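Novice: Position chain X relative to chain A; hints supplied.
Chains A and X, in that order, give the protein sequences.
Under numbering that gives the first Met the number 0, the first residue of the first sequence is numbered 0, with each subsequent residue one higher.
Under numbering that gives the first Met the number 0, the first residue of the second sequence is numbered 0, with each subsequent residue one higher.
Treat the hints loosely; a few may be bogus.
[Said to hold, decoys possible] Quick list of in silico lysine-lysine cross-link-like pairs, DSS-like style, CA-CA up to 27 Å:
| id | chain 1 | residue 1 | chain 2 | residue 2 |
| --- | --- | --- | --- | --- |
| 1 | A | Lys246 | A | Lys258 |
| 2 | A | Lys61 | A | Lys258 |
| 3 | A | Lys144 | A | Lys38 |
| 4 | A | Lys232 | A | Lys205 |
| 5 | X | Lys319 | A | Lys59 |
| 6 | X | Lys59 | X | Lys39 |
| 7 | A | Lys53 | X | Lys319 |
| 8 | A | Lys246 | X | Lys59 |
| 9 | A | Lys86 | A | Lys59 |
| 10 | X | Lys53 | A | Lys319 |
| 11 | X | Lys224 | X | Lys246 |
| 12 | X | Lys59 | A | Lys319 |
| 13 | A | Lys232 | A | Lys246 |
| 14 | X | Lys258 | X | Lys205 |
| 15 | A | Lys39 | A | Lys205 |
Note that these hints are calculated values from the structure, not bench results.
Computed from a predicted model, the values in this text were never measured in an experiment.
There are 2 protein chains.
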Amino acid sequence: MANAESVRLQVFSLNCWGIRYLSKHCSQRYAMLGDMLCKKEHDIVLLQEVWSEKDYLSLKQKLASCHPHSHYFKSGVIGSGLAIFSKHRIHDTFLYRYSLNGYPYMAHHGDWFGGKAVGMAVLSIGSLIANIYVTHLHAEYCRDKDPYLPHRVVQAWELQQFIRHTSAGADLVILGGDLNMHPQDLGNRLLRTSTGLRDSYLETAKFDGCEDGMTLIADNPFISKNEILPFEKGLRIDYILYKGSPKVNIYCDYMCTTKGSVPDHPFPYSDHEALTAELRLETHTPSEAQSDKKLWKHDSAAGKVAELVDIMTEARTEVKVGLHCAERMRYTATRTGVMGLALLFLELAIAAVPYLALGAEQPFPLTSFYMLAGLCFAILLTTFLLYIFKTMELKSLQGAEDQMRLAIGSLQEKLRGFPLAQPHSTQRRPPEGLEPSAFDPEE
Amino acid sequence: MANAESVRLQVFSLNCWGIRYLSKHCSQRYAMLGDMLCKKEHDIVLLQEVWSEKDYLSLKQKLASCHPHSHYFKSGVIGSGLAIFSKHRIHDTFLYRYSLNGYPYMAHHGDWFGGKAVGMAVLSIGSLIANIYVTHLHAEYCRDKDPYLPHRVVQAWELQQFIRHTSAGADLVILGGDLNMHPQDLGNRLLRTSTGLRDSYLETAKFDGCEDGMTLIADNPFISKNEILPFEKGLRIDYILYKGSPKVNIYCDYMCTTKGSVPDHPFPYSDHEALTAELRLETHTPSEAQSDKKLWKHDSAAGKVAELVDIMTEARTEVKVGLHCAERMRYTATRTGVMGLALLFLELAIAAVPYLALGAEQPFPLTSFYMLAGLCFAILLTTFLLYIFKTMELKSLQGAEDQMRLAIGSLQEKLRGFPLAQPHSTQRRPPEGLEPSAFDPEE
Numbered sequence: 000m001a002n003a004e005s006v007r008l009q010v011f012s013l014n015c016w017g018i019r020y021l022s023k024h025c026s027q028r029y030a031m032l033g034d035m036l037c038k039k040e041h042d043i044v045l046l047q048e049v050w051s052e053k054d055y056l057s058l059k060q061k062l063a064s065c066h067p068h069s070h071y072f073k074s075g076v077i078g079s080g081l082a083i084f085s086k087h088r089i090h091d092t093f094l095y096r097y098s099l100n101g102y103p104y105m106a107h108h109g110d111w112f113g114g115k116a117v118g119m120a121v122l123s124i125g126s127l128i129a130n131i132y133v134t135h136l137h138a139e140y141c142r143d144k145d146p147y148l149p150h151r152v153v154q155a156w157e158l159q160q161f162i163r164h165t166s167a168g169a170d171l172v173i174l175g176g177d178l179n180m181h182p183q184d185l186g187n188r189l190l191r192t193s194t195g196l197r198d199s200y201l202e203t204a205k206f207d208g209c210e211d212g213m214t215l216i217a218d219n220p221f222i223s224k225n226e227i228l229p230f231e232k233g234l235r236i237d238y239i240l241y242k243g244s245p246k247v248n249i250y251c252d253y254m255c256t257t258k259g260s261v262p263d264h265p266f267p268y269s270d271h272e273a274l275t276a277e278l279r280l281e282t283h284t285p286s287e288a289q290s291d292k293k294l295w296k297h298d299s300a301a302g303k304v305a306e307l308v309d310i311m312t313e314a315r316t317e318v319k320v321g322l323h324c325a326e327r328m329r330y331t332a333t334r335t336g337v338m339g340l341a342l343l344f345l346e347l348a349i350a351a352v353p354y355l356a357l358g359a360e361q362p363f364p365l366t367s368f369y370m371l372a373g374l375c376f377a378i379l380l381t382t383f384l385l386y387i388f389k390t391m392e393l394k395s396l397q398g399a400e401d402q403m404r405l406a407i408g409s410l411q412e413k414l415r416g417f418p419l420a421q422p423h424s425t426q427r428r429p430p431e432g433l434e435p436s437a438f439d440p441e442e
Numbered sequence: 000m001a002n003a004e005s006v007r008l009q010v011f012s013l014n015c016w017g018i019r020y021l022s023k024h025c026s027q028r029y030a031m032l033g034d035m036l037c038k039k040e041h042d043i044v045l046l047q048e049v050w051s052e053k054d055y056l057s058l059k060q061k062l063a064s065c066h067p068h069s070h071y072f073k074s075g076v077i078g079s080g081l082a083i084f085s086k087h088r089i090h091d092t093f094l095y096r097y098s099l100n101g102y103p104y105m106a107h108h109g110d111w112f113g114g115k116a117v118g119m120a121v122l123s124i125g126s127l128i129a130n131i132y133v134t135h136l137h138a139e140y141c142r143d144k145d146p147y148l149p150h151r152v153v154q155a156w157e158l159q160q161f162i163r164h165t166s167a168g169a170d171l172v173i174l175g176g177d178l179n180m181h182p183q184d185l186g187n188r189l190l191r192t193s194t195g196l197r198d199s200y201l202e203t204a205k206f207d208g209c210e211d212g213m214t215l216i217a218d219n220p221f222i223s224k225n226e227i228l229p230f231e232k233g234l235r236i237d238y239i240l241y242k243g244s245p246k247v248n249i250y251c252d253y254m255c256t257t258k259g260s261v262p263d264h265p266f267p268y269s270d271h272e273a274l275t276a277e278l279r280l281e282t283h284t285p286s287e288a289q290s291d292k293k294l295w296k297h298d299s300a301a302g303k304v305a306e307l308v309d310i311m312t313e314a315r316t317e318v319k320v321g322l323h324c325a326e327r328m329r330y331t332a333t334r335t336g337v338m339g340l341a342l343l344f345l346e347l348a349i350a351a352v353p354y355l356a357l358g359a360e361q362p363f364p365l366t367s368f369y370m371l372a373g374l375c376f377a378i379l380l381t382t383f384l385l386y387i388f389k390t391m392e393l394k395s396l397q398g399a400e401d402q403m404r405l406a407i408g409s410l411q412e413k414l415r416g417f418p419l420a421q422p423h424s425t426q427r428r429p430p431e432g433l434e435p436s437a438f439d440p441e442e
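Bound conformation, chain A alone (with noise of 0.2 Å):
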């Protein structure tokens, strides 16, 4: 292009495992982490499981010279654990609260407690409108029986609800982040499909790091091999994903991972790898992408509607499965709270019992009779908050399954508008940084 002007950009992600006193070494970690943050100078650093804010202050003193922006996204009980560190400046943050995290009687998981979220940061490079988005999915802990897949899809379709609809006024989107998910997985295939986003491990012209950009190895001395299980080598759930605007094409020159040691050190930055991709942005007068765009889009459009609304009818299924279950939870609940009751008003009755019968001995020993009465309203409470919770999780997935039936129908009325609909024709690839969001609404 005759006019393009080219900006070079590094983003890295990592999730930093950063549970004091639990994670191995975790200030120690820090420390390396801040120190090759300094020497590296990456335009944008996003940051995960950054669950104490102690450590991320320390970390922004660190790096004050050489990235002197920077926000912590709280939220929940411990935080979001979200944190952005830039060069460039912030002029502008949000964070969206998925509505769905896990349970918080499954403590051990703690993922509940974590109050997972989607933070953005409104970036200026140069004069251009950069939206960082930077994230974490709650974890697979079991994926031949995942309880939370339900949890994690409508995560993912709040996540690609979120970014589509706050970057309408961007030049370029980057998503850097822990997604829990495998490349192919539904919430993955929903979240790329819907936004447009790129994964720089597929596109990049050059990559240095693990095998298919694993980022969870047997390799990394903090990972157990049963955490991987049933994968030998590890799983790719880390990603930097990234999409331009008709101003600006991007390109990834570059990306690399840490391969589960840092040299000269004894130990990894995380349990994670690390993740560092090199964009390139040209920037370009909108009026000659607007007639590059014209010319692709409607070959390739009508595929992409018609793979959005597959995927998207697979993340239905997948939410009603959630709602079944949760259904059934609440209805054992329910149950199990009338039998607590049912059993209070017997040991009552049969309590009162001397003093209707007048000479009859009291039945009860004082120590069982409270140590009863003491299970009983367990049991009610008990039973009481799981209703709460149960039903709040089931107005969540309700709601996420409306919006999803809603945008279905809404695409498939669009399908029916195209003249020659050719179901997933996807031979012509669109110039790159071009790639539109099948939501894109047509005029």
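Specialist: Showing chain X alone in chain A's frame:
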């Protein structure tokens, strides 16, 4: 304008007061409302406090022919109570749940259980993309000493963030709902100044309705005088706000409210008055608008930014007040919890005396022992839950304060960029529909 095209849009908004079995004449009022909406055929109907999905579904059935498109926003334990009915196709919806919304232990106020949120629907009106928002903020129960003020300010903050960040791609923006804020309240100023939304009551060419556009009036038979004290006649807390874009100018030609009663009916639709705004959209080519925009932009932009900085600083102060209250409450909860624990240990120690000093008599009657232990556990559980809840509240308040600080810093930076900043110079009005957000990034 030479090639301007004009479209009319009727928008209706009402807080339905739809608590089944508790609100007076609930089902009759819904029936009346349904009949009226069928007859009037507004383009867009925005309802709040539709607490029961059944009521939404029966309205949906009734309005199927005149308002074929609709959406009910689900959230929280009871729901968000928000619904939208539309003549125009709804393509997409999105819900943002406010991070703060009162307290679960203030059950008699009930706001927490409602899961307050802002719902968004993307409509196509001819060739235009319209972002329609409907919301309901936390109620004000006592104006003089309002413990919920920081929560409402944070809700207004999140509302303006949500609208600002999601509406960049829209040709027009409409917000309807019960804001529970007077026209000059902090949250209202924050919302209007940062988004550039205009109040249809203030902008309308012709108005027919209650004095000063009031929407909660003493003449309404469902209102008790105590509710609206210290205001004798009533308050204005329900709004229809709008803004255009470089492509569309919006004018409000006519606005009306109900006046406490409905002709030929024994009672009004709700305890709030219903609002109807007749908007006129004028589309034109963006290039014309751009040149118009440039003409006045430098004049008023600095004033707008300075005004917004002032309002945000005020909002930040209010959030800080909330922070102090929440911190004090959490401290009290911690102290009470520690005392409960100490009491439990003391009791166990006394009860253990007979076992340690053989022959000593058990000083505790069993009943008192169990009752005291029960009390200790109740204290521990309550203070623990309160501690968790207050921590979450603190996190959200801190998060909002951080975001405000960052935004103020960014605006101040921008202000320094203006060559001749004249704070509050609002003599010249921009052309209709071109009201910018003070947040618009400069290029």
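Novice: Could you work out which earlier hints the structure fails to respect and list their numbers in ascending sequence?
Specialist: Violated hints (numbers, rising): 1, 3, 8, 11 and 13; every other hint is consistent with the structure.
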